[in-house]
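If you want the building blocks of each chain, they are given just below.
Number of protein chains: 2
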Amino acid sequence: MRILIIGGDGYLGWPTAMHFAQRGHEVAVLDNMIKRRWESELGVAPLWPIATLTERAQALRETTDREVEVFVGDVADKSVVRGVLSRFLPEAIVHYGEQPSAPFSMIDAEHAILSQANNVLGTLQLAFAMHDIVPDAHLIKLGTMGEYGTPNIDIEEGYLEIEHNGRRDRLPFPKSPGSFYHLSKVHDSHNLMFAAKLWNLRITDLNQGVVYGTTTDETAMDPRLATSFHYDEYFGTVINRFVAQAVAGMPLTVYGAGGQKRGYLNIRDTLQCVEIAAMNPASAGEFRVFNQFTEQFTIDELANLVVEAAAKQGIRAEKKSIPNPRMELENHHYNARNSGLIALGLQPHRLTVDVLAGMIAWAAQHPERISRDVIIPTVQWRKQPEGVREA
Amino acid sequence: MRILIIGGDGYLGWPTAMHFAQRGHEVAVLDNMIKRRWESELGVAPLWPIATLTERAQALRETTDREVEVFVGDVADKSVVRGVLSRFLPEAIVHYGEQPSAPFSMIDAEHAILSQANNVLGTLQLAFAMHDIVPDAHLIKLGTMGEYGTPNIDIEEGYLEIEHNGRRDRLPFPKSPGSFYHLSKVHDSHNLMFAAKLWNLRITDLNQGVVYGTTTDETAMDPRLATSFHYDEYFGTVINRFVAQAVAGMPLTVYGAGGQKRGYLNIRDTLQCVEIAAMNPASAGEFRVFNQFTEQFTIDELANLVVEAAAKQGIRAEKKSIPNPRMELENHHYNARNSGLIALGLQPHRLTVDVLAGMIAWAAQHPERISRDVIIPTVQWRKQPEGVREA
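Chains as they are written, first to last, in the numbering used here: chain A, -11 to 379; chain B, -11 to 379.
Okay, chain A solo, but in the shape it has when bound:
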């Protein structure tokens, strides 16, 4: 199958590209490297230096004899996206090419608007290009479980059967996202639900939970094939952040009460889910939604697990509650369905203490690389108006 990975230079994009290439698919990646630039601007970096995308593709060729074709450009640029689709004619498109951080989107007006413009308009440009050039291709779009927020009812997969005043309909599940980033994904979902119906496109929306993990089968083959491990306040997801804090001898910073419950999955399962989606395409005209996570934890439960795993590695870690920089409920109902991908064969990797201990051992190879200054949150969801901000 010819598979195009948009955002193929990222934490998930590059491992996904290698995963498909190793299974004999014809793979191309498209990336404009904007995330590397954002990292520079914010003064953060992955725990390990990451080779350029071109170097990675070369290393993959040397290591495995597999080819990944590299396109450099912006999916929001009409001529770029149309050029790539016309030349590569993908049968499946995995779209990771969005600004992926909630705190980034909450820095200020510029970053909020940049996040929504980049994500929503880029995805629109892609949908129009698919309609014109590869209308039968299958779009696999990464959404987020954060689109749903934390409603007081169980979360279903994309849709909800509603009875009201004696009548019934199956409607989009109501969304209550908690940042301008999460909002951009909600906008994408609405746009793509319409586009699928309008143009008979095949679209799968993967509402992904929080991903953790350092390694996949392919990243482990050669140091040059490693994927970026972020532990900073912008791009570091919570488990990866706790692991880095344990290694750096810092307390594990729990935001607020720690009762925030979310869905989580191992990076290996991201690859498995995306592959399952690709091998079982949505029907023409279908906007299919899967909730992509394997387990649910509260922040406090995660901190406890990391403390236990650190002890196994001879590290004494402790958790510490800090004021919550976000606007979110800290104790709430959370029960989300994730049966769609399981039914198609997903075999979850569970988050065990041993898995966490392995991550800690991995990060502890070079503890001096961890910058302690970039972990503690500085972006506050609720901030003083600019006009009255203290100097």
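It cannot be assumed that every hint is accurate.
In this list, chains with the same sequence are indistinguishable; a pair is considered to hold if it fits within one copy or across any two.
Simulated crosslink set (PhoX-like; lysine-lysine; CA at most 25 Å straight-line) [said to hold, decoys possible]:
| no. | residue 1 | residue 2 |
| --- | --- | --- |
| 1 | K185 | K249 |
| 2 | K66 | K371 |
| 3 | K371 | K185 |
| 4 | K185 | K300 |
| 5 | K300 | K66 |
| 6 | K66 | K185 |
It should be emphasised that the hints constitute simulated quantities derived from the structure, not laboratory data.
Fit chain B to the given chain A structure using the hints.
Only chain B this time, still in chain A's reference frame:
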């Protein structure tokens, strides 16, 4: 009260500005005249030539001794919106400043992306500026009934009480909009719901039905104070379009089966609703939603009413079904609540045959001004891919 009207040069914006000025409020308008440029690009024009915004403000001063302050600029431009808010310090902001046409948004990728960028990013820029400069002001934002689509359940005002698996919550009403324009309003609603909660802003979202009408108390005072009457496929709403077709001796073109049911209101009631909202502001932190329409009709019912009204004016009109350019159900359940504004005192102007006859008489003063070429729809929701479009 100091009231800022964004999009104050438009069909509704200008009458709204005059309405508040006549009632003794301090009024400013902000507009970048982009809609006049879009009209030129598309080759359409209002039925009557419209004075410039500056001329209109001058004419209002001469006619009534009322002042409307004119700001020219783009709400999506950070320095513009912050400059205007800092200088005028509005207590209420009525935001009409968006691309208002579904067919415009469905022309092609450029127009879809332009519509979403203009509407969603402009409104975001405004929300951030309010937070920083006038956090206690009341934002009255124009949404559309089209955000809901035509679900098979009754439509409530913004929220829905949902019971699911034995638990309950009040959640945003699920949205199923039918164009990239309508989608932009859904995105606005989600962004503003979050912003209200995040920053304790006061926001009223008016999900407006289809507006008809030629005249308000203030537009009737002087020809230079007239508002734009559009009857073209882009900016002409259906009743105004039928009136123009009757006057031009064309059949009233009903899209498809004509069973499409929607909410409608007279332009005079738009002014009344916006005034009611302004005089009864939302609470701090509240995202309040009203459905702003007074009556529900099917397209076929409207065509019959216009035929009857035309006969009263000695014009023999007939309706004619044409293939539906849109993607929409043509026979469906439709029952939307609109009790919020009624409870606050809205006194509806009903769509009677006499009201329609008055509109026909108004348009018939210069039938030669009606361009027959711009009424029949050319924008198709479902079009051939560009790659295979015939030359």
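Hint check against the structure, violated hint numbers in rising order: The structure conflicts with hints 4, 5, although it agrees with all the remaining ones.
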